[in-house]
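Asks: Line by line, the protein sequences are chains A and B. The first sequence maps to residues 1 to 284 in the working numbering. The second sequence maps to residues 1 to 589 in the working numbering.
Don't read these hints as lab results, they were simulated from the structure.
Here are the computed lysine-lysine pairs in the DSSO-like style, where the Cα-Cα straight-line distance is at most 27 angstroms:
#1 A:K282 with B:K401
#2 B:K480 with B:K378
#3 B:K252 with A:K181
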Amino acid sequence: MRLDLRALAISGLALLAAGAAPARPLDEVVASGTLRVALYGDNAPFSEERAGKPRGIDVDLARAIAEKLSVRLDLRIVDAGENIDGDFRLNLWKGDLAGSALADLMLHVPHDKMLATRNEQIFLTIPYYDQHLAFAYRKDKVEGLKGLADIEGHSVAVEGASASDLQLLMAEGGRHRGALKHFRSFDEAAKAYLSGEAPILAGTRSSIEAALGEGGAAPDENPVVEIAIPGMVKTHWDLGGAVRTDSRDLAYAVGDAITALTAEGRLKAICETYGVSFTAPKGY
Amino acid sequence: MRVRKEFLSAVGALALVAAAAGLPARAEGVSDQDILNDAKTTGDVVTYGLGPQAQRYSPLKTINRDTIKGLVPAYSFSFGGEKQRGQESQALVKDGVIYVTGSYSRLYAINSRTGEKIWEYAARLPEGILPCCDVVNRGAALYKDKVIFGTLDAKLVALDQKTGKVVWKKDIDDFKAGYSYTAAPIIVNGKVITGVSGGEFGVVGRVEARDAETGELVWQRPVIEGHMGTLNGKPSTMTGKVNETWPGDMWKFGGGATWLGGTYDPETNLIYFGTGNPGPWNSALRPGDNKWSASRIALNPENGEIVWGFQTTPHDGWDFDGVNEFVPFDLQKDGKTVKAGATADRNGFFYVLDRTNGKFISASPFVAKINWAKGIDKDGRPIYDDAFRPGDPTKSEDGKKGKTVFAVPSFLGGKNWMPIGYSPDTKLFYVPSNEWGMDIWNEPVNYKKGAAYLGAGFTIKPVFDTHIGSLKAIDPTNGKVVWEYKNKAPLWAGVLTTAGNLVFTGTPEGFLKAFDAKTGEEVWKFQVGTGVVASPITWEQDGEQWIGVAAGWGGAVPLWGGEVAKSTAGINQGGSFWAFKLPKTLASR
Numbered sequence: 001m002r003l004d005l006r007a008l009a010i011s012g013l014a015l016l017a018a019g020a021a022p023a024r025p026l027d028e029v030v031a032s033g034t035l036r037v038a039l040y041g042d043n044a045p046f047s048e049e050r051a052g053k054p055r056g057i058d059v060d061l062a063r064a065i066a067e068k069l070s071v072r073l074d075l076r077i078v079d080a081g082e083n084i085d086g087d088f089r090l091n092l093w094k095g096d097l098a099g100s101a102l103a104d105l106m107l108h109v110p111h112d113k114m115l116a117t118r119n120e121q122i123f124l125t126i127p128y129y130d131q132h133l134a135f136a137y138r139k140d141k142v143e144g145l146k147g148l149a150d151i152e153g154h155s156v157a158v159e160g161a162s163a164s165d166l167q168l169l170m171a172e173g174g175r176h177r178g179a180l181k182h183f184r185s186f187d188e189a190a191k192a193y194l195s196g197e198a199p200i201l202a203g204t205r206s207s208i209e210a211a212l213g214e215g216g217a218a219p220d221e222n223p224v225v226e227i228a229i230p231g232m233v234k235t236h237w238d239l240g241g242a243v244r245t246d247s248r249d250l251a252y253a254v255g256d257a258i259t260a261l262t263a264e265g266r267l268k269a270i271c272e273t274y275g276v277s278f279t280a281p282k283g284y
Numbered sequence: 001m002r003v004r005k006e007f008l009s010a011v012g013a014l015a016l017v018a019a020a021a022g023l024p025a026r027a028e029g030v031s032d033q034d035i036l037n038d039a040k041t042t043g044d045v046v047t048y049g050l051g052p053q054a055q056r057y058s059p060l061k062t063i064n065r066d067t068i069k070g071l072v073p074a075y076s077f078s079f080g081g082e083k084q085r086g087q088e089s090q091a092l093v094k095d096g097v098i099y100v101t102g103s104y105s106r107l108y109a110i111n112s113r114t115g116e117k118i119w120e121y122a123a124r125l126p127e128g129i130l131p132c133c134d135v136v137n138r139g140a141a142l143y144k145d146k147v148i149f150g151t152l153d154a155k156l157v158a159l160d161q162k163t164g165k166v167v168w169k170k171d172i173d174d175f176k177a178g179y180s181y182t183a184a185p186i187i188v189n190g191k192v193i194t195g196v197s198g199g200e201f202g203v204v205g206r207v208e209a210r211d212a213e214t215g216e217l218v219w220q221r222p223v224i225e226g227h228m229g230t231l232n233g234k235p236s237t238m239t240g241k242v243n244e245t246w247p248g249d250m251w252k253f254g255g256g257a258t259w260l261g262g263t264y265d266p267e268t269n270l271i272y273f274g275t276g277n278p279g280p281w282n283s284a285l286r287p288g289d290n291k292w293s294a295s296r297i298a299l300n301p302e303n304g305e306i307v308w309g310f311q312t313t314p315h316d317g318w319d320f321d322g323v324n325e326f327v328p329f330d331l332q333k334d335g336k337t338v339k340a341g342a343t344a345d346r347n348g349f350f351y352v353l354d355r356t357n358g359k360f361i362s363a364s365p366f367v368a369k370i371n372w373a374k375g376i377d378k379d380g381r382p383i384y385d386d387a388f389r390p391g392d393p394t395k396s397e398d399g400k401k402g403k404t405v406f407a408v409p410s411f412l413g414g415k416n417w418m419p420i421g422y423s424p425d426t427k428l429f430y431v432p433s434n435e436w437g438m439d440i441w442n443e444p445v446n447y448k449k450g451a452a453y454l455g456a457g458f459t460i461k462p463v464f465d466t467h468i469g470s471l472k473a474i475d476p477t478n479g480k481v482v483w484e485y486k487n488k489a490p491l492w493a494g495v496l497t498t499a500g501n502l503v504f505t506g507t508p509e510g511f512l513k514a515f516d517a518k519t520g521e522e523v524w525k526f527q528v529g530t531g532v533v534a535s536p537i538t539w540e541q542d543g544e545q546w547i548g549v550a551a552g553w554g555g556a557v558p559l560w561g562g563e564v565a566k567s568t569a570g571i572n573q574g575g576s577f578w579a580f581k582l583p584k585t586l587a588s589r
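In isolation and in its complexed conformation, chain B is listed as follows (with noise of 0.2 angstroms):
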């Protein structure tokens, strides 16, 4: 993160349009209920991950495989100016209006069936911020009458749903010091729950719950053991130990950011959060698991304290920041059905855990030719293969970089940020991943603000010649890959399933596509002219099957160059949100 101190003001003056004619019918708020029944109720989105446990499953079924070549643009909303890049929002609807964030922290309400702008806000960004990994936003939430979402400055701000105008707007913490925001936050019985983000040095990971009315802080819980909480303004409980798996006191600035944001599952009333890497980046500093870095951890919505935490990659020594969303879903096993949730790691294995109370039951690779790792034990615990450990620069000789390793998956992981999906009909997880691998070392030539320091070097190359890019559909039960999909440029993409037997992604190369959900075959496309990395919707309105995604090339894979960069050379810019829809004639053809 680089920040100027002063501020530009031409860039984000709120802007405020009124849409002159098709004004949709007044809006009458989210309720918790609607929050809570958000899975099951065709015509609206009102949450991150259609439903609070993100399955990103829709029951409608309009389109299916047959229909589906009967679907249609209905219209593409450009996000406007020249801030184009990297466009990864999830969309709401709501009653007639689409809400969908921007890149550089901009919200958009649109009319749902014209794509006619109702309004338009700009978050009034620092000069010269530059967050570490793009300037992406992934989505708000809605609360009551209010949209509410993060900014690359972090903060959160919380508008009027009908006027786009301010109703509060709180500091997450100080952008100087790092800390940014680019998740979408969830709704929790009424409280507006947020991670953070930053890799700085001092930055440790939290997760937070604001009143969603007022924007007033109830509770905070670093994610880092040794560190204190606070419930309703006073200290609360210590995240473990100090020195319990760190050593000195590293654990002070131990990382762990939470910047994919979390999910909630009623039936348990926990909400899951997946925490970044340790810091410093070469494991041999920092001797210990360092819990909770690497982590998925539940919490009670109450108060914040942790029900339990389960380490992906204790000791993380390749910046596999595991993050990764945890998806509650009913697991059948020995004809029971077992409470679980799944998770696939940067680290490259696909988790089942007990989402009760974290007890791992299996995990299997997900991508090809994993090497860190030789396996998973039966207690969850990564068997680590030492030669592809990157070198311990405590053992090296004077200035020179050590041994280099090639790594699998590379640190951009065998997934990243974009959401993966669950059909309760053909009980399979839908995994959007990439097969890639890193040389990484230590380097010595580095320098920060003019001083030396030990960074890592690293190169990231694909693992095979004809693709990076792998959708693939996964059984929980048996850890096996069912189908796969492969494509040329590394995915970056969320997706999206349906009760209709459908898969939907999109590819950087520009393509929003479907595919049969028990087989692979991909059965629709439709070229957006720029790259698609965010995640689609899906939607009922006037008798119709809608689906919506945001289009707009960026997130992390441009800014690493690289062998990697070949699979998307050429790819355009934009900044746009397309509706397709199947019309009614069609659909009962």
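The shape of chain A in the complex, shown without the other chains (with noise of 0.2 angstroms):
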């Protein structure tokens, strides 16, 4: 940890090095009384700040799971980097420009064994929600929507860059590309599908169902289904925690608080506190 700090000061990135704290494990943080949680902004449904509030599936998960180790919720917002190598790295083990505190838990974190692998430095909880690339439409507009081919003639707003906006240009050769709205952000182009703009949304299930029911999207006019559309992008994954690869046992203990929340439902019943549905991982 003395390491994290000099490398800190060396790299010059670490005006307040000496306020940089290094990520903790089990006993360092019940001791401390406080668990330091990382969660990206603008990342609804499972975290953003609203006038300056927390809020989110992430957020009431990070809550009951700093309860349940009985100490106190220090969160931080964080906006992503490019990519969540990148996120561990300033978040979990070596630190940001300003040199804020590392955070012990990260959430939203793919649970991938490639992606553990790869980064070393970081240690996977078990996942806590079973996330799918999926699609809403309008009934009144599309017929249905059990394949690509149904997408023919209709417009498709999606977030660019997403995993359901490469899956889309993609797709069978690229033949729906003509069809794609893209947006810069999945609010966006929520915004879009309510407004009439594009007759289907595409993106992950869990933001679909939190965008159309806080949109007042009657259900019954806005399924939402998931097709299979063969390519290299993954169409579903869970999401889990991280913690530093040293901090091991706080893994554990933040894995047993997600299998007693799921067990008592106070997981499915915080998804349902913002409109979505949970699905629980299989085979933890």
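Combine the two chains into a complex, taking the hints into account.
Replies: In structure tokens, the structure reads:
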């Protein structure tokens, strides 16, 4: 840990190096009475700030985990970097330009063995949510959406450079490219769908469900479906947490908390608060 | 780019330090004429590039291969604090004051004779701001009584040259949307001309002109087809035509960042800018040439209209971010003088174009073993070798990464940001280049904000065992390499050439070096204690010739690991401006 501080100072990135604290194992977290959790901003329905207040599934989950560990929650809302490997570096093991304190735990981390292998500085908790790519469509405009062929003749609102976007750009040799309406964020894509600008919306199931719920779109008129699309892009992944590799006992304790919250039905209840259906990851 | 919402009050409080003694004479300001004459006036350096054409040539010749052994350090000025990495700035000198920017958007005024600090301005940056490619700043512009530079959070700031106090400050764009600014602005006919930095989805490159006195926007020119320009607050004309070279609505978010800034040619009254790579990275997803990404464009400085464009890498698939500077020069060809310009592209080819109309004259490789193209055809278009284009992900199996290709050069480029130079004496271009390639593939195991996406996987590898860096002297009449200096680590510093038949550049190993401009023989070196990744300058004061360079290892190279990192392991950080002079007593010997 001392080594990390030194690395920060040497690289000249840490103006407040003295204030930067390393990630800690379980006993230190418990002894300090505080669990520092990093969550993404602008990541509804999981974590975002509204009127200066953090809200979302991950926010509530982080609070519940802290409760299970009998510690106070110290929440840090951070913006996503170019990839999650960079986020690990900034939030869990090396730190940022300003020398902010490292987090003990990051949530919303894809539970992927290859990702973990490539980032030896971090260790994954068990996952808590089963994420899928999906579509919503307006029943009055689109007859049904069972396969790619049903997109024909309709426009699809999608966040640019998202998994759904890349999937559709690549699908069937690219023949649906012309149908895509790109937006800078999912939020903007959802607004375009809700205002009737595009009869199909693509994104993650959780974000679609939350946006439809919040936009007052009747579920019967706006079915959310998953369709099989072959290609390189992952269409589903599990979300879990990550800690620093020398804080494995913390990862196990967080895992126990997740298991308990799932069994108690609290995780499901949290998701439903945000209009999101809960599916537990399988095989853990 | 990654940004936190709160502000860190401790970072970058405005620091005004008045030097008690030795204040230089009252500055008279920098006129438009001073800027146009900068290449000829040896007592000052008032532009980025030592003249608007940015040939980086000085007529000074007191320092030459015989006298240079008498060149001694005069002072070393520290940028202070802990923010040392990544000093890529070219300094300016006017009326006894050096204006040099530091990384993290800082600007210093220094007494050019003594090295004492006059004032310092440190931009107040948002907490946690992380530009994709380091925290560098490449320099400032001088106009009348102001010194103007851009910041990492995409603001343009004009300061009073005497006090360092803010005269005006304008947003170039929203840093939260991924915009940044690291280039040196240029001044053309009273306007300050800038591009934009940023690689996030949705960032579209553009060139802008502001009134240098007030910072008010005059015109904007997006570089990607389909986007509308503005002039005096009203829509002007569209760049190109919608869907001419882009599919669907992908032009809306097409990339083409103009992050390196531009050059200006008073003879043709044209501004030249390079434009960055298109997005998304895999070319199979955006059939077409994708104009004007990876191009050089010439603009009318009065209204921002594109006069001509030349695309070096149409349908770029390798991240050959073709922002490289276009340097006007007079080409002697068949007994005639052609108004030409040259550019050493990220893609490894050295191009000569007619600068009046963008017509292709010639192109030749300036790095070894280029394989993505077999050559450049008679119209200036690459002859692609599809065996070395990254795989088409639409043809890949589920979840598989697809084929890996080894492409040369790597995406860091045959040449990256570091400026080239041209000597009208030797009639040679001096190009700091790097010999490296990359394994590149579609990597499905990639996540952003907790969601899957398809990024590029890559590993950068040296092409030779002995060296990566290569400073080359290139004859623009035939594209031949006249001489080459090989450097173990990648070269990342700009060049300076002088009438003393010298070429200066820096190395990551910490040396400022001088070479015989005709032969490439190394005639002088000095160790500054940290890597040199900046552009040197020279000027004359009190009858003596001076050399100045910022020092401080950083830039994009140390951000990428792999085999390249081995050549730069152990290089120490620093953050300083070094001044050298040839004392009169030694010059006359």
